[in-house]
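Chains B and S are the protein sequences, given in the same order.
If you count by the numbering used here, then the first sequence holds residues 1 to 520, one letter each, in order.
If you count by the numbering used here, then the second sequence holds residues 1 to 247, one letter each, in order.
No lab work stands behind these hints: they were computed from the structure.
Note that the structure is a prediction, hence the values are computed from the model and not measured.
Glycine residues also receive a C-beta, built at the ideal position from the N, C-alpha and C atoms.
Don't take each hint at face value.
[As the list claims (entries may be wrong)] To give an idea of the interface, some chain B residues facing chain S are shown, with a C-beta separation under 10 Å as derived from the structure: (1) Val75; (2) Asp78; (3) Ala85; (4) Asp88; (5) Ala121; (6) Leu128; (7) Pro160; (8) Ala358; (9) Ala418.
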Amino acid sequence: MVELAIRNSNASQDLPDPLEIPDLAPGAMAASKPFPASPDHQAAIGFPGELVDDWKERAIDKLGELVAGSRGLRVYLDSCVKCGACTDKCHYFLGSGDPNNMPVARQDLLRKVYRRYFTFAGKYFPWLVGAQELSEEVLDEWYSYFHQCSQCRRCSVYCPYGIDTAEVSMAAREIMDTVGKGQKYCNEIIGKVHKIGNNLGLQEKALKATLEDLEDDLEEETGLEIKLPVDVRGADILLVTPSADFFAEPHIDGLLGYAKVFHQMGESWTLSSHASEAANFGMFIGSEENMRKMAMRVRKAAEDLGVRRIIFGECGHAWRAAYSFMNTLVGPFDFLDQNYPIPQHICEYTHDLIEKGALTFDKSRNDHIRLTFHDSCNVARASRMGDRPGGQFEYPRAILRAVCNHFYDMPADTIREATVCCGGGGGLLTDELMDLRKKGAQPRMRALQHVAAEHGVTHMAAICAICKTQFAKVMPEYGFEMDAIVSIHQLVGNAIILDGQIMDDDAAPDDAPGAGGDEG
Amino acid sequence: MITAIFALLFYFAAAFLIAGLGLRVWQYAKTPAPLKIPTTPAPVTRTGVVLRMAREVTLFESLFKANKWIWLFGWVFHFALVLVLLRHLRYFTDPVWGWVVWMQPLGLYGGFAMVAGLLGLWLRRVVVARIRYISAPSDHLMLALIVAIGASGLLMRYVARTDIVALKAFFLGLFAFDWQPLPADPVLLVHLGLVAVLMIVFPISKLLHAPGVFFSPGRNQVDNPREKRYQAHWAAKPAAGRAKAGR
Ligand code: SF4
Ligand code: SF4
């Protein structure tokens, strides 16, 4: 194993700085483009099937509409002073050196068009302020580079005006969708959620069969009848989780972890076949309408099943969409029990139980693991857990420390609010973008190599389906095993002591290798 | 003749600055912010947000996290600019307030610090490849403009002194709409002319970052979407195109 080799060399100082700034390599990533959405995918989510004839007019109109409808976008496009503070903050720039992946340069791709058509200086002195007419080349640049932004918001932390390139990317993608230039991966998935209820397109029947199989596995492992209930009317808790949790390693082990905690607490809970997806890719394409439609499925499931609480499973952007947007989009949730946060994160749920001393763990069951934690972007920089700012950093770590003896954080400039993206977020988790994904993962992988060298870290936990899938794919590129990425609740599930469980002390906890699906 | 030109120029520049900024602020204020998008961790109370914003505009907190050089030059420039502006109050007030008299030397240090900070920023814009890449001609011109204003100001203090009694009479006369002759020193005219240009450029350039920062949802929103349903302007989203966004 490469980690061991690095460890033996005993010189994490010799490892490259995770945030090392590359030389500029103009055009290095110009050819990186996702597959275009087919006319069917486009139509299914309300966009024209192919590039419309008057696309230029319509794109400019749409830009005007978006700017008039979003204070953030307007202020962001006006306020940048080109100070350069953000230029070395994007993992795609750090990994590729392509200057268009510097956040400000990415914004400028849209800003130059905004200036040309909507500002005095850009209308009359375009050369002076770098304004440019919308052309086919510009549209191509948009398609390429706005699909090289994982909307991770790292740049927004460092900008003196909080300019958020994620918002700019969302706007650009919405403009492109509006003129018929959509991206296949996101748009196809959104269509599946509208039609079937989850990103994987897993039908109700298949979902139920899968869950039954998993219940058998749980019984085999623990000797207990631990349930994975679906569509149980009158249950207390509705669990909404990314569909990868039903289907792909290492996600499944997280789901089994949730189930064990619920079981131990004697909780009445259920999944929903109607809202069998926590992900909300409407956010990635900046489409409020699609986002609302998908959030509505969760609300409807909660109403139909008559639950009192909604808990979200481990997912990054899904938690942002749920935490920040759901109440606005499809609230108010006055039919739920107001004594609990609406919605609640599974980590908040488990953390509170640990705080109360309601769960007991045998931490030694995770002793084969030396762990670190990857803060997922959308959890870190676009949401919260608990009552206090920054709870999103403390809760997961507190859980991990409660269930695992060996925990070490990665270098401080790569975690918490400074966390570097996995490289696959924001709707880029698709095979044709693998080169980009590998490059974008570089800062995180180098940070991991540091703790592997210094502390012998073997595994990294994450609370995001996209992160988990991405890491399972790219970790081997950087000398780690693909199963070195784990769910928080997988570790909880390993260590939790269940009442009445027949313990086979020899049995090693489950961390079987497996391949992730690509449907975060 | 020169007096009349400069008097009219300053009336125009002041009107353009105030109207332009007012319009822009009004536009920012009335543009809906449809969703909660503070960059977290963010304050969970209004007071917390006020403090965050205060740290942002007085200490440049985010910039400090980002890059110590840009922070140093940028902060020195802005802080020195404040001192310089306060020092200039003596040309517009009669009698001059005690503390303005007291801080005159500070204002002078400010003048040097301001130019030094600007030159530092400019140097980085030329030398650091990343920043050179993102710079448009206007970014260099803006620095040139402010450096020239600072340099001409310092020149008048130390080399080509001007009749500041007459200058003050000119400005007080402007306020009273009773024009007094402006000293025709070339350095003064350059200084004043560039200031007027700056005033005019302000509301149509990146200098909009000054009002913009206060309207940035990433910085000015309270992080409480679960506790309090956020609905600001939700229903009132305008659906117009180009016309409404136009300047
Ligand atoms: S949001 Fe993230 S991916 Fe996008 S430009 Fe900023 S740092 Fe890069
Ligand atoms: S940090 Fe903000 S103001 Fe500075 S260049 Fe980047 S986006 Fe522009």
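Evaluation of the provided hints:
| no. | hint | result |
| --- | --- | --- |
| 1 | Val75 | 5 Å, holds |
| 2 | Asp78 | 5 Å, holds |
| 3 | Ala85 | 4 Å, holds |
| 4 | Asp88 | 7 Å, holds |
| 5 | Ala121 | 6 Å, holds |
| 6 | Leu128 | 5 Å, holds |
| 7 | Pro160 | 4 Å, holds |
| 8 | Ala358 | 23 Å, violated |
| 9 | Ala418 | 8 Å, holds |
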